[in-house]
Structure formats: C-alpha cells, structure tokens
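Enquirer: All chains should be built: construct the whole structure from the sequences, respecting the hints.
Going down the list, the sequences are from chains A and B. The opening residue of the first sequence carries number -1 in this note's numbering; numbering runs sequentially from there. The opening residue of the second sequence carries number 476 in this note's numbering; numbering runs sequentially from there.
By construction, these hints were calculated from the structure, which means they are not laboratory data. No residue lacks a Cβ here, since even glycine has one placed at the ideal position from N, Cα and C. Hints may be right or wrong, so weigh each one.
[What the hints assert, rightly or not] One side only, chain A facing chain B, incomplete, derived with CB under 10 angstroms:
{"hint": "1", "residue": "Q28"}
{"hint": "2", "residue": "R35"}
{"hint": "3", "residue": "D50"}
{"hint": "4", "residue": "R117"}
{"hint": "5", "residue": "V128"}
[What the hints assert, rightly or not] Residues of chain B placed beyond 10 angstroms of chain A at every Cβ, according to the derived structure:
{"hint": "6", "residue": "R503"}
{"hint": "7", "residue": "F548"}
{"hint": "8", "residue": "A610"}
{"hint": "9", "residue": "I669"}
{"hint": "10", "residue": "L700"}
{"hint": "11", "residue": "W702"}
{"hint": "12", "residue": "A842"}
{"hint": "13", "residue": "V851"}
{"hint": "14", "residue": "W877"}
{"hint": "15", "residue": "S878"}
{"hint": "16", "residue": "R881"}
{"hint": "17", "residue": "L887"}
{"hint": "18", "residue": "E997"}
{"hint": "19", "residue": "P1005"}
{"hint": "20", "residue": "K1046"}
{"hint": "21", "residue": "M1096"}
[As the list claims (entries may be wrong)] With a straight-line Cα cutoff of 20 angstroms, these simulated SDA-like cross-link-like pairs (lysine to any residue) come out:
{"hint": "22", "chain 1": "B", "residue 1": "K1029", "chain 2": "A", "residue 2": "D50"}
{"hint": "23", "chain 1": "A", "residue 1": "K67", "chain 2": "A", "residue 2": "M31"}
{"hint": "24", "chain 1": "A", "residue 1": "K29", "chain 2": "A", "residue 2": "C39"}
{"hint": "25", "chain 1": "A", "residue 1": "K29", "chain 2": "B", "residue 2": "T971"}
{"hint": "26", "chain 1": "A", "residue 1": "K29", "chain 2": "A", "residue 2": "D89"}
{"hint": "27", "chain 1": "A", "residue 1": "K29", "chain 2": "B", "residue 2": "T978"}
{"hint": "28", "chain 1": "A", "residue 1": "K29", "chain 2": "A", "residue 2": "S74"}
{"hint": "29", "chain 1": "B", "residue 1": "K948", "chain 2": "A", "residue 2": "A38"}
{"hint": "30", "chain 1": "B", "residue 1": "K804", "chain 2": "A", "residue 2": "A115"}
{"hint": "31", "chain 1": "B", "residue 1": "K804", "chain 2": "A", "residue 2": "T119"}
{"hint": "32", "chain 1": "B", "residue 1": "K1011", "chain 2": "B", "residue 2": "E1028"}
{"hint": "33", "chain 1": "B", "residue 1": "K1046", "chain 2": "B", "residue 2": "A1023"}
{"hint": "34", "chain 1": "B", "residue 1": "K948", "chain 2": "A", "residue 2": "K29"}
{"hint": "35", "chain 1": "B", "residue 1": "K938", "chain 2": "A", "residue 2": "A129"}
{"hint": "36", "chain 1": "A", "residue 1": "K29", "chain 2": "B", "residue 2": "A990"}
{"hint": "37", "chain 1": "A", "residue 1": "K29", "chain 2": "B", "residue 2": "N857"}
{"hint": "38", "chain 1": "B", "residue 1": "K1046", "chain 2": "B", "residue 2": "A993"}
{"hint": "39", "chain 1": "B", "residue 1": "K734", "chain 2": "A", "residue 2": "D126"}
{"hint": "40", "chain 1": "A", "residue 1": "K29", "chain 2": "B", "residue 2": "T861"}
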Amino acid sequence: MIKAATLALFMSLQSSGSVLDDPQEEARAQKLMREIRCVACENEPISQSASDIAEDMRDRVRVLIEEGKSDAEIRSWFVDRYGEFVLFRPDAEGVSGMLLWGLPFAILIAGAAVLIARRSTASQSEIDRVAPDHEYEIED
Amino acid sequence: MIEFGHFLAFIGFSLSALLTYVGLKGDRRLAGFLAIAAFLVLFVSFLTIVRAFLISDFSVALVTNNSHTMKPFIYKFAGTWGNHEGSMALWCLVMAGFGAAGAYWLRTGREVFEARTLGVQGLLTTGALAYLLFASSPFTRLDNPPLQGGDLNPLLQDPALAAHPPMLYLGYVGYSFVFALAAAGLIEGRIDQIWARTARRWAMAAFVPLTLGIALGSYWAYYELGWGGWWFWDPVENASLMPWLVGAALLHSVIVTEKRGSFRAWTTLLAVMAFCFSILGAFLVRSGLLTSVHAFAVDPLRGSLLLGGLLFYGGLALALFAARAPSLKGGPEHLLISREGALMGNNLVIFVATLTVLLGTMFPLIAEAAGEVMSVGEPYFNLTFTPIMAIALAVLPIVQAWSWGRADVSSLWKWGAAFLLIVGVFALFGVGPMNIPLLSGVGFGLGVWLIGGAIYELARRAKLPRRVFKLPKRVWGMTLAHAGLGVFVLGAVGETSLRSHTTLALEVGQSTEVAGWAFTLEDVDPIEGPNWYADKATLTATRGGVEALLQPEKRIYPAARMPTTETAIHKTGLSDLYVAIGDRRTVEGAPRWTFEVFVNPMIDLIYWGVLLIGIGGILSMFPGRGKSG
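Expert: Written as structure tokens, this is what we have:
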C-alpha cells in the first residue's frame, strides 16, 4: 500500500510539470521558460501561460536540458520550429537586432558626451558654492 | 436620466470651450468660475452613468455590454470605469477636476498666467470631451433593452482593480495640468523660479497617485493572474511606466529651475512631455496596435483620434517652445561636478531609460512594418533598462550631498570606497554562503547602499540628532523617497532572484514536499458566489512547526463565460507562499488537481518601498520653512 502510494506520488510528479532533479538545471529551465513565448497566447511567456501548448513547450525545455543541450541550442530548437517570434529576447544580429540592443546604450553615451562637451569652462574660483540645504538652515 | 447626463456633458463641453477663450484672454476671475462650473456639471453627468450601472439600466448600451444584475454592488459601481467609454468619462471628469482645483488653489500672484493656465486646461478638456461625446459616447440608448447584460470582465472584479483606474487617472490626467502650466508659462515668456515652484507642486500631485496607481495594478496582477510575478513588461504596463519615468525626471529637473533658475528649457520640455506620454499610453492601450493580455476597447478609429490629439497638443506645445526657446537660456554657471551636474545626469539616465522602454515596446511594431516578426519581452528590459537605471541608483547617495555650482570632491574616494565595500560584501556573501548569482548579491548591496545613503544624508543635514525632526518636510520627503527606492530594489532583487516555482499534480489526500513545505491536498469543494461558482481547494502546508492553510479557487463567471484564478497567499515575514489552482486532469484513471506553487521571498518590500516613495512625495509638497506658495 505504502509502496503503491509512493509510486503514485512519483508518477504524479512525473506526469505534468515535473521539475528537474538538479536545482541549478531547473533554474536554467525556468529562466529559459521566461524567454520563450507561448505561441498560442497573447504576449505571454510559456512560464506564465496555463494553455496546453505552453505546458508542452515547458516539458520540451526540460527534455532538451536533460539531453544536455546548451541554452543557445534550446533557443535555436524553438526558433527553427516557430521562427524568431518565439523568443522574447531577440538576437542582437542584423540591423534590427543591433538597433534594438545598441540604441539605449548609444544614446546614453552620446548624451553623456554632449553634457561633458557643453560643460562650463569657468575656473573653480569663479563659481560660488552653495550648499544644497542653505535655504533650509534651521535657526538655532 | 442618461439623456440628462448626456445634455450636461454637452454643457460641460461648452463651458470648457468658453473657459479656453476666457482663460487665454486673461480673465482670472471668470476663468476660475467657469473651471469650477464645468467640473460640477461633468460631475453630475458622470453620476448619471454611475446610476445607470447601479440600477442595471440595460437600456443604456454601455451598461448592457459591461454589467450584470448579479454582480456585487461594489463592482457595479466600479464597473463604471471598467470599460473604454466609462473610463474616458472618468478621464474627462478628472481633467475638469484639475481645472477646478487649479481655479481654487493656484495662487502665484500672477493673475494673467493663472487665467491662461486654466484656459489651456480648458482647451485640453474640450478636446477630451469632444472625443468622449463624438467617438466614445457612454450615453447611447438601446432600442430593445435586453433583460440581462454581459458582464464586467471577471478579472476586473477585484477591490484593487476598482481603485486602480481612478488612482492612475489622477496621475495621467494630473500631468495635463502640468502641461497647462508649461504652455501658459511659455505664452507669458516667464518660466522662472516662481513658475518652477508652482509646477513642482502640481507635478508631485500627479506623480504620487500615478505611483500608487501603478503599484495597485502590479499588486492586482500579482495575486489575481496567478502567474506569481508582479511586473511582466507588458505593453500596457510599459505605457504607464513611461509617463511615470518622465514625471520622475521632471521632479528632479524642476528643482534646479526652482532653486537656481537653470535648466528652464529642459524642465519645460519635460513638463510638456509627461502629458504627451500619458496620451501615448492611452493610445497604445486603446488602439489595439499592440497585443497585450490586458488591453481593452480595441478600435483603430479611436486609436487614430487619440494619436491625432497627441500630435495636435504636442505640436502646439513644441511650436510654443520653439518660439520661446531663446529666452529660456541662462542661469548661474556651474561645473560638471556640482548639484546641477548630478541632477543633469539623473535626467539623462531616466530619460534614456524611458526611451529604452519606448523602443522595446514599439520595436515589434516597427519590425513588423519592415517585414520581420519578433517579440521583445522581459529578458530585453532586464538587460537594458535595469543596468541603465542601476547607474543612477549607484551614484545617488554620493551626489545628493553635492553643492550647487561646484561640489567638494575631496572626499569622493571615501564615497567610492564605501560603495565598493557595501556592494562587495553583499556580492561575496551572495556567491559564498547564500549561493545566489553574483548580480543578485550586487543588487542587494545596491538596495542597502541606497537606504544607508538616504539615512546618512538626513543625518548630515540635521548635524545633531535632536534636530532631525526639525528638518523641513521636503528634506524628509527626499529621504523617504530615496530610502523607499532602496527598499524597492531589495524587494525586486529578492523576489526576482530567489523565487521558486513548482507545478504539482495531487490527488485528494495526497502529500508532497516543495521548497521545504510539506503539502497535503485535503479537499476540493464546489462552492458558489453571487455571480460565480468555483472549485475551492484546501491545502495544508507545514514547515518547521509553521502551519499554513491555503484555499485557492478556480472561479467560473457564467455571464462572461470566463474562468479566473483566486490565489491563496500565506505570508511568512516578508515572503509569500503562493498557490494557484490549475486544471483537473485524469492520470491513470485517478483525478488529480494541478497547482502552481511559488515561494516569493521579500515581495512585500516592493510594495513597502513604493509606499515610502508615495509618502515622501506627499511630504515634499509641503512648503519649506518660512516659504509659501
């Protein structure tokens, strides 16, 4: 009886959403599940969706990890089947990929460069130093 | 009744149009009366819509489409704004409300400026009402009223979501008044320190409810959607984050204008942009352009009209700005290493972060136009937005002590050492004993650094402990907001990097262990509510003598033919044990229930942090010592 219950428990954990034994590997799987889009849902990663296809895709991620595939190999497995659309983290390749990933940092650097280039050339002594709280001085 | 409301809305429209004329002409007294009258008229008009919902008047199309007699009273009431037309009516009401508040509280000693501000607010309200009356009327009657209505989307039948839209709109629409102040200041050609002091107050009056409104929405998504997370980088969430970020940049830039008379052009531009981003958000949510799990009222025509409004108002403001730009230069000189320089850096980082959110949100659309199909989601924002904002957070405690003009940099190396020490200790402790990723450790260090920095700055300004409570409320406001940011960072890093998620499939009576908790599924009962029925599971979880009773539900709302999850959350300290019920399936002939089990450590800190930011914001609206206005 106890043996049967243990077996049932084992089976239940195997049947759906069974987690990987190695916590590091499971963490990897969950990270990937947040990057892969459920192909039948509205803008949801497979980690969130309750749909059957998301469930199947989650299982597939774990199977691929168990087969010893790397993150990049798993991503390309999904891209081969569903296209670039399936990745919430598009590759930094091609013009669009470079723009998407590069623009924020390019604007930040360009902005900082403009601010530095336009800095005051006055010398230290010409400028008054005003404490940030001078207007708030408490009368003793 | 609804015809009366419709009629009043037209009166409100006419009053707003008249207010535009009278206000821009410069008659403060009459403009004030008109602004208050328009608000009162629209308030009564809005009440007629609320009444139609409360009495389930199904001859009104809006009520038929969005309400149901069996719905609990509170959701009949809140259902008024749980749809496109009703929420636009609320938008108009809040906008007129800010006009009335301005008529009452705006006291700068410059009557023509005040009148013109009210006039611009009138112009914005006229536009919003035209959109309401001619493109999204909530007043339409049906020829053959049905006996029963559709239902409010069951996901929205929730206390947090009842309060979320009014809060959010106080923020979004609050920026319309900031826009009006900027436009009036530009017309006058007087963007000066008095203008800045006024603008800062009103910008804060919009920022605080926007902050709390976003937090309410996030908390709702956390416990109602059953996904275990609190922020999903969904286009609709991003639409609310962008005006918040621009608003945060504005609050910092306007300080420089107020205290030093510098940055006048940039501050004015941000004051205009905050409202433009609010309209952009409304456009993104309502046009159906972006796919989102919680976009509503999808209609391309309405979208184009909103875009038209955005271009019209934005263009008008930019034209004014261009005309006045030469007069907005100047202010005392400062070096790069100064309080001005620090706030300039703050604005650069926050602004680039805003553009990053905009880019990530719009990019799939742009790519689609170019024939590519792609998705941009959480991983993108985590790798771009987060590190960019982290730069600002890392330097915040250092630069908040800097003086105007030029800062003393002799102790800079001490600050750098303190930063490296705190972050280093947490990073080492993280990768060592805690066994968490290096960046999570750095994140915790950053949170502690921010909280410590805020407290240190308070102590530095007080000089003596007994004077801490004599410091102006504004200094306390800054301290609480910056410490709140640190608390938020701790919660966000903790939840994101330490959470665990497991899917269980259990038979009734079966037990298993997850994340140290021993779970037993005791029972699953069918239950019935006022307008739903549900399967309610009862689970017990024990860990080290602590016992938790968890009763998640899966509800079906027959009127809307939609299921929802009601999660069960057990709080232990700052962490949540979070269970959502999934499907029932049959495994080897035996019925089993699936459960999504999350352990979300430190999640409460996220909301405590946001609350601190809100309280800090409210405090900083009070006048400083011996200062008024």
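Enquirer: Hint by hint, say whether it matches the structure.
Expert: Now for the hints, and whether the structure bears them out:
no., hint, in the structure
1, Q28, "holds (6 angstroms)"
2, R35, "holds (5 angstroms)"
3, D50, "holds (9 angstroms)"
4, R117, "holds (4 angstroms)"
5, V128, "holds (4 angstroms)"
6, R503, "holds (29 angstroms)"
7, F548, "holds (31 angstroms)"
8, A610, "holds (25 angstroms)"
9, I669, "holds (15 angstroms)"
10, L700, "violated (8 angstroms)"
11, W702, "violated (4 angstroms)"
12, A842, "violated (5 angstroms)"
13, V851, "violated (6 angstroms)"
14, W877, "violated (7 angstroms)"
15, S878, "violated (5 angstroms)"
16, R881, "violated (5 angstroms)"
17, L887, "holds (15 angstroms)"
18, E997, "holds (16 angstroms)"
19, P1005, "holds (25 angstroms)"
20, K1046, "holds (23 angstroms)"
21, M1096, "holds (15 angstroms)"
22, K1029(B) to D50(A), "holds (17 angstroms)"
23, K67(A) to M31(A), "holds (15 angstroms)"
24, K29(A) to C39(A), "holds (19 angstroms)"
25, K29(A) to T971(B), "holds (11 angstroms)"
26, K29(A) to D89(A), "holds (16 angstroms)"
27, K29(A) to T978(B), "holds (15 angstroms)"
28, K29(A) to S74(A), "holds (15 angstroms)"
29, K948(B) to A38(A), "violated (52 angstroms)"
30, K804(B) to A115(A), "holds (17 angstroms)"
31, K804(B) to T119(A), "holds (17 angstroms)"
32, K1011(B) to E1028(B), "holds (4 angstroms)"
33, K1046(B) to A1023(B), "holds (9 angstroms)"
34, K948(B) to K29(A), "violated (44 angstroms)"
35, K938(B) to A129(A), "holds (14 angstroms)"
36, K29(A) to A990(B), "holds (18 angstroms)"
37, K29(A) to N857(B), "holds (12 angstroms)"
38, K1046(B) to A993(B), "holds (16 angstroms)"
39, K734(B) to D126(A), "holds (14 angstroms)"
40, K29(A) to T861(B), "holds (17 angstroms)"
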